[in-house]
Amino acid sequence: QLQLQESGPGLVKPSETLSLTCTVSDDSISSSTYCWGWIRQPPGKGLEWIGSAYFSGSFYYNPSLASRVAISVDSSKSEVSLRLTSVTAADTAVYYCARQQVVVVAQRGDFDSWGQGALVTVSS
Amino acid sequence: DIQMTQSPSTLSASVGDRVTITCRASQRISSELAWYQQKPGQAPKVLIYKATRLESGVPSRFSGSGSGTEFTLTITSLQPDDFATYYCQHYNSYSPYTFGQGTKLEIK
Numbered sequence: 001q002l003q004l005q006e007s008g009p010g011l012v013k014p015s016e017t018l019s020l021t022c023t024v025s026d027d028s029i030s031s032s033t034y035c036w037g038w039i040r041q042p043p044g045k046g047l048e049w050i051g052s053a054y055f056s057g058s059f060y061y062n063p064s065l066a067s068r069v070a071i072s073v074d075s076s077k078s079e080v081s082l083r084l085t086s087v088t089a090a091d092t093a094v095y096y097c098a099r100q101q102v103v104v105v106a107q108r109g110d111f112d113s114w115g116q117g118a119l120v121t122v123s124s
Numbered sequence: 001d002i003q004m005t006q007s008p009s010t011l012s013a014s015v016g017d018r019v020t021i022t023c024r025a026s027q028r029i030s031s032e033l034a035w036y037q038q039k040p041g042q043a044p045k046v047l048i049y050k051a052t053r054l055e056s057g058v059p060s061r062f063s064g065s066g067s068g069t070e071f072t073l074t075i076t077s078l079q080p081d082d083f084a085t086y087y088c089q090h091y092n093s094y095s096p097y098t099f100g101q102g103t104k105l106e107i108k
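So the protein lines, in turn, are chains H and Z. The first sequence begins at 1 in this note's numbering and counts up one residue at a time. The second sequence begins at 1 in this note's numbering and counts up one residue at a time.
Check the hints yourself; a few may be wrong.
Calculated pairs, DSSO-like style, for lysine-lysine (alpha carbon to alpha carbon, straight line, at most 30 Å) [as the list claims (entries may be wrong)]: (1) Lys45(Z) / Lys108(Z); (2) Lys104(Z) / Lys50(Z); (3) Lys45(H) / Lys104(Z); (4) Lys50(Z) / Lys45(H); (5) Lys108(Z) / Lys39(Z); (6) Lys50(Z) / Lys13(H).
Covered by chain H, according to a simulated footprint, are these stretches of chain Z (three or more residues, beta-carbon under 8 Å) [what the hints assert, rightly or not]: (7) 7 to 19; (8) 49 to 58.
Here are a few chain H residues that sit away from chain Z, every Cβ distance over 12 Å (derived from the structure) [to be verified]: (9) Glu6; (10) Ser15; (11) Thr17; (12) Ser19; (13) Gly37; (14) Ile39; (15) Lys45; (16) Ala66; (17) Ser72; (18) Asp74; (19) Ser75; (20) Thr88; (21) Gln100; (22) Ala106; (23) Gln107.
Keep in mind that the hints were calculated from the coordinates and are not lab data. Where is the CB? At the ideal position from N, CA and C, for every residue including glycine.
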């Protein structure tokens with residue numbers, strides 16, 4: 001069964017860069033059936049999609065974050081990475097890595113597997 | 001961008017009840033909608049995809065309906081394990097993926 005594990009610093013200073021890595025336990029990272037997304041959830045609030053990326057290198061970001069975000073897929077390491085620059089307290093959240101079905105291939109586009117999440121606090 | 005609006009925000013019900021949660025999209029999204037369940041301290045889990053398709057392993061008391069702009073999630077015969085927060089999410093490729101604000105299902 002697929003497992004996703006987020007890792008990275010739990011505390012980031014304002015104006016600095018948030019970096020997280022998601023380790024994927026199986027070889028679905030190289031499958032054209034899937035892409036890889038990051039979703040975040042501020043404490044006590046709802047879910048916000050950050051962006052999704054394919055192992056081919058293409059990506060799709062939330063326009064509200066696009067100027068600050070980068071997501072990459074490294075199939076050789078079975079890792080999906082998230083970078084978010086110039087963070088503020090508003091970026092404090094649990095960050096989830098998730099596998100997303102590719103609509104044109106799988107006829108569905110939901111996030112079918114999620115990591116447990118990583119809490120990142122932005123504070124000096 | 002497509003906005004997703006869920007109602008109600010909070011729902012109180014008892015074990016054995018039948019409940020319905022509604023999700024409305026600000027534009028037509030065909031059947032490109034999923035429903036998730038989230039329990040405190042846990043990641044969301046997909047229940048329904050393509051508006052009506054039950055994810056493997058999800059109990060049959062969960063069902064989804066709708067297309068276009070209006071969708072519903074129905075849970076028949078509520079079980080203690082069902083008390084959680086539920087989110088809808090669209091995956092229409094022409095708009096950033098967005099989630100509804102969530103519906104918290106509480107024990108009455």
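Next on the checklist: Need the list of violated hint numbers for this structure, in ascending order.
Outcome noted: 6, 7, 9, 13, 14, 15, 16, 21, 22 and 23
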